[in-house]
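Q: Sequence:
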Amino acid sequence: MTRSRARDVNVCGVTAAIAVIDGKWKTSLLWLLESGPHRPGELRRLLPGLSEKVLTQALREMEEDGLVHREVHDTLPLKTVYSLTGFGRDLSEALGPLSDWGHRRLERLTESLPAS
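For what it's worth, my numbering labels the leading residue of the sequence shown as 1, then goes sequentially.
For the record, the hints were derived by calculation from the structure and aren't laboratory data. The reader is advised that the hints may include incorrect statements.
Derived pair list, reagent style DSS-like, types lysine-lysine, alpha-carbon separation capped at 25 angstroms [stated by the list, open to error]:
hint	residue 1	residue 2
1	Lys53	Lys79
2	Lys24	Lys53
3	Lys79	Lys26
4	Lys53	Lys26
Use the sequences and the hints to build the structure in full.
A: Structure below.
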C-alpha cells in the first residue's frame, strides 16, 4: 500500500486505518510507545534490525498521521522523545481485537502442523 492511500478520503475505513500502520515496524512502534515515551535510541535497541533511517521515516510518517508526538528538549546534546497521541492510543486500542484474532490464527496454524 502506498503512502498516498493514507490521505485518500475515498477508501473504506479499514483501508484508511491499515494505510497508517502499513510497513514492517509501525505496529511494533505503536506497541512499544503504549508503555510510555521513548527516545529513538531506546526504540532501536528494543527492535533489533530496525535501521536509524527506517525508524526516522516511520516516526515522521506516524507524526504526520497524528499517531505520535515528537518533543525536542533544548539541551546539549538535543534530546528527542516520542510518545503516543490520544489518536495513536485510540488506534492502538482498536488494534487489540485484531491482535487477539492474529494470536488465535497462529495457534490454529501451530495445531495443524504435523507432529515431529
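Q: Straight-line Cα separation of Lys24 and Lys53 no greater than 25 angstroms?
A: The hint holds at about 14 angstroms.
Q: Take the C-alpha atoms of Lys79 and Lys26, compute the straight-line distance between them, and say whether it is at most 25 angstroms.
A: It holds: about 22 angstroms lies between the C-alpha atoms, which stays within 25 angstroms.
Q: Regarding the pair Lys53 and Lys26, is the alpha-carbon distance no greater than 25 angstroms?
A: holds, 14 angstroms
Q: Taking 25 angstroms as the top limit, are the C-alpha atoms of Lys53 and Lys79 close enough?
A: Answer holds: Lys53 to Lys79 is near 18 angstroms, not above 25 angstroms.
The structure shown violates none of the earlier numbered hints.
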